[in-house]
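Asker: Take a look at the letters that make up each chain.
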Amino acid sequence: MVNIDMLLYNGQIYTIDKENNVETWMAIKDGKIYDLGRADTYKKYINSTKNLIDLEKKIVFPGFYDSHVHLVQTGLNTMAIDASKVESIKELQELIKSRAILTPEDELINVIGYDEYKVEEKRIPSRQELDKCSKKHGIWVNTVEYHTGVVNSYLLHKLKLPFNLEGISRDEKGMPDGRMYGKASAFVRNTILGNIADSERAEGVFKSISRAAAKGVTTINAMEGGFSFHNKDAIFIEKSKYDYDLDLVLFYQTVNMNKAKEIDAEKLGGCIFIDGSFMTRTAALKEPYEDDKTTNGVLYFTQEELDKFVIQAHSENYQIALHAIGERAIDQVLNSFEKAIHLYPDIEHRHRIEHFELATDEHMKKARELNLIISAQPSYEYLWGGEGKLYDIRLGDRRFNTNRFRSLIDKGLLVIGGSDSDVTPIDPLLGIQAAISHPIEKWSIDRIEAVKMFTINAAYAVFEEEVKGSLEVDKMADLVILDEDPFKVEKNRIKDIKIISTIKQGKVIYQSKGVVI
Amino acid sequence: MSINLEINLLGKLEVKLDGKSILDSISQKGLGILVYLATNNGKNIERDQLASIFWPDSSEEASRYNLRYNLWNLRKLLNKADEIILGDKTSCLVASESLKLDIEEFDNNIEESTFTLESLERARLLYRGDFLEKFFIKECLEFNDWIFFQKEEYQRKYYNMIIYLSDSYYENREYAKGIELLRELLIINPLDEKIYIKLIEFSLAMGDRVSAFKIYYKCSEILREELNISPSKETKEAYYKIQNYIEHDIGVVSKKSYDEGKIILGNKFEKEELEKLVIDVQTYKNSHSYHAMGLVLKNLLRAYERLTNKDFSAYYFMDLSILDTSALKYTGVENRFLNNKKLIDNKLYSSLLELLTYMSKFRNIKLVIDDFNDIDDESFNMIVLIAKNINSLNLILELRYTRDSTKIEYMKNI
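For the protein sequence lines, the chains are A and B, in the order given. Each step along the first sequence adds one to the number in our numbering, with nothing skipped, and position 247 is 247. In our numbering, each number is its position in the second sequence, counted from 1, plus 517.
Treat the hints with caution; some may be incorrect.
In silico PhoX-like pairs for lysine-lysine, Cα to Cα no more than 25 angstroms straight-line [claimed, not checked]: (1) 491/A x 442/A; (2) 308/A x 815/B; (3) 495/A x 85/A; (4) 655/B x 158/A; (5) 158/A x 651/B; (6) 546/B x 160/A; (7) 57/A x 43/A; (8) 864/B x 878/B; (9) 864/B x 883/B; (10) 793/B x 655/B; (11) 846/B x 308/A; (12) 651/B x 183/A.
Calculated directly from the structure, the hints in this document are not laboratory data.
Hey, can you work out the whole structure from these sequences and the hints?
Answerer: In structure tokens form, the structure reads like this:
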């Protein structure tokens, strides 16, 4: 007689297998699914089961994937001061002051999400204003999306800024006023992130991972390193990826093949920024921005440079994921992929385009021909879609054609879902809700399609569909138990469904308070 | 009176009395005061001013007391109290004749009206690093700002001096010396493209294309990683210069010696009057597929652009566009791709050969491949094809190598 580690019965188990079978019980042994079935056929295992669990009609799904997470940054930011809600510089100063009291001398106080358009003064604070909060800590205030940074005197003096670096804002005496733009901002960012100890990374990552587990996530695609992040992040994740309860799949955000080889990375990209973002009007649009006709965004690569990287990485069997938001960036990415794939057609590449927000029908058609995977972030629509929101402000009427999930799927593309954390929170149920309730009704997709974005499709997108992504015999016992059925509750309540428990390879990694499994 | 106090500010602070370091015997603020007085040498500094710079958060009484105490300590330590630190109740200064200060020497050496290359070299050695590197007194904001200001001043002076020095070395054809200096500036600012451009120019002047390429790649790598940008227009122009770099006097300019490794295939040019086209491409270890071929094609296309007879078949350009999209310009059609590598390779090889044949009607072509031993496989096949057809082409093929390989062996036996 076989010994079963855990037997879940009397539930509603959505397997998300090819036939979308729904079962009522599941037997787990050695971290894998041993058997599944309906009605009382489980009874044959009762006597040989260590842990027998009555699901009491609760819902079971395959453990969720989040296919796009900047994990180290998310982690570090859990320890930063969130200034996204402050309404004045004075309020910011108070926040920093009270943090400084609790922070050992000489440590960094990191402030994120400061939005100068939201504060009374309509400006970024100065170095002197930050000095009033503390002279004994480094203070670093970042604006939304890390475009601009301000440092206090303590940091200014520690940074080794080159005198001729562009982007250092100066007062009438020629002294830096602490505000760093463009190249100076990038320099400061690199220096500070480079000085962060791995112990801090670990602390942040552990925190973020336990939060992700509480949202039903069992696998994370960690997009690490590169511009606006730090290569040490990628090295850290590669080194420590087996230390966590969840599976981490590293994507190294570099176009430098030597760097990738140093840590034996197999997947490149995530946010290799081909263009920027809507927020900062740097996504490369075809036509100018609605609220600033002087710009249509930025392409960070020439076609030639991108070709060179993509062809080489493709020929060497790397999986590539490229960030492309605006039409011009998508054009460029498709061109490079096309060249590489036609030169080496026999490689099973599973290359991905991340975001793909403004893709046209032609883009989708081309992407399908090339067998590319689309990595979307449905929560963007939840946050930025609809009248008066970010897409409307930046794009005007073009907002009616962002993130067209319905078209993507109808054109035969494989679509996966992610959060782009910490742009939006790691929360697959929110993502599922956002995908089925697109502000533009006709782009919404069905519930089962949305669920697949965060399960079996996502597994395929990292070559794991044989072992994860659905609940089938011999696959890993990665699952999430939900209080209510996402296929049945009202659309706008999916995000509020309570996660009862998250199980990774048969081990409970999260359970909500009051529940004992 | 003999000089017995030495203070070095460029780099990490050094304070020596009679040749011995006394850094550990002075408090952080004492050092600050000493340095500040020494730098403002000859000027009277008000005691009140000093007190408020170094004890900004204390009461007037406390700060004056602290200042008195620190000055007393300094006097005691420096032993010759009144000779080095002078002053009454309102002001104090360091007597200049007792003091050796590196910035003073530095400034003298770069003095505009009197400097020489030798004096600049002396100044260069004095610059051990940033002004008061890592010296910092947390609560003394004004003092720290003063350090910062001085730091930038001396960086600027040093930078200008190095540029001047390296330019002089360039004129004197002492390129290696110039390169060494310019590299020091990259330590201060690794994002400064002007310096990379200069380094490329210097390397090319030495005939060292390999280093020039390496500098360019280093520059694009760091810009990509730190700023996610491509090199500027100016830097790219420098890159094209490396690509189009033509040896005017073959065999002399190149710094790297290929004396032992050279395979030359092809005959003398029949029509001496034709313009000469030298294409010299550099290969690298692990260069990507088609790398060398791609460079050959790029150069051919540039030369083609300058031809008066541009009637090479658009059909071939179609095939070549896989390798270099700029070939499309002559086809008048949109890009279309084949999806079979063998078929592509065959088409590429034959089209490139056709283009070479066509071009060689108008030009005496010399095709040089540096470090042929590192060539990628696809380009190697192309070269074999050219070699086999060399008699029907107006072309000389020169393959240079630094070590033997099966590819070299193969070519030798053609």
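Asker: Now look at each hint and say whether the structure bears it out.
Answerer: Taking the hints in turn, this is what the structure says about them:
Distance restraint check for residue 491/A and residue 442/A: the Cα-Cα separation of roughly 15 angstroms lies within the 25 angstroms cut-off, and the hinted pair is therefore satisfied. Restraint check: the Cα-Cα separation between residue 308/A and residue 815/B comes to about 14 angstroms, which is no more than 25 angstroms; the hinted pair holds. Taking the CA atoms of residue 495/A and residue 85/A, the gap is about 23 angstroms. The hint holds against a cut of 25 angstroms. Restraint check for residue 655/B and residue 158/A: the C-alpha separation of about 11 angstroms stays at or below 25 angstroms, so the hint holds.
Distance hint between residue 158/A and residue 651/B is fulfilled; the C-alpha atoms sit about 7 angstroms from each other, no more than 25 angstroms. Note on residue 546/B and residue 160/A: the hinted pairing holds, with a Cα-Cα distance of about 22 angstroms set against a maximum of 25 angstroms. Our distance criterion of 25 angstroms between C-alpha atoms is met by residue 57/A and residue 43/A, whose separation comes to about 17 angstroms. Our distance criterion of 25 angstroms between C-alpha atoms is met by residue 864/B and residue 878/B, whose separation comes to about 21 angstroms.
With a C-alpha separation of about 23 angstroms, the suggested pairing of residue 864/B with residue 883/B holds against the 25 angstroms cut-off. A distance of roughly 67 angstroms separates the Cα atoms of residue 793/B and residue 655/B; the hinted pair therefore is violated under the 25 angstroms criterion. For the hint pairing residue 846/B with residue 308/A, the CA-to-CA distance comes to about 20 angstroms; that is within 25 angstroms, so the pair holds. Taken as a hint, the residue 651/B and residue 183/A pair is honoured in the structure, with Cα atoms around 23 angstroms apart against an allowance of 25 angstroms.
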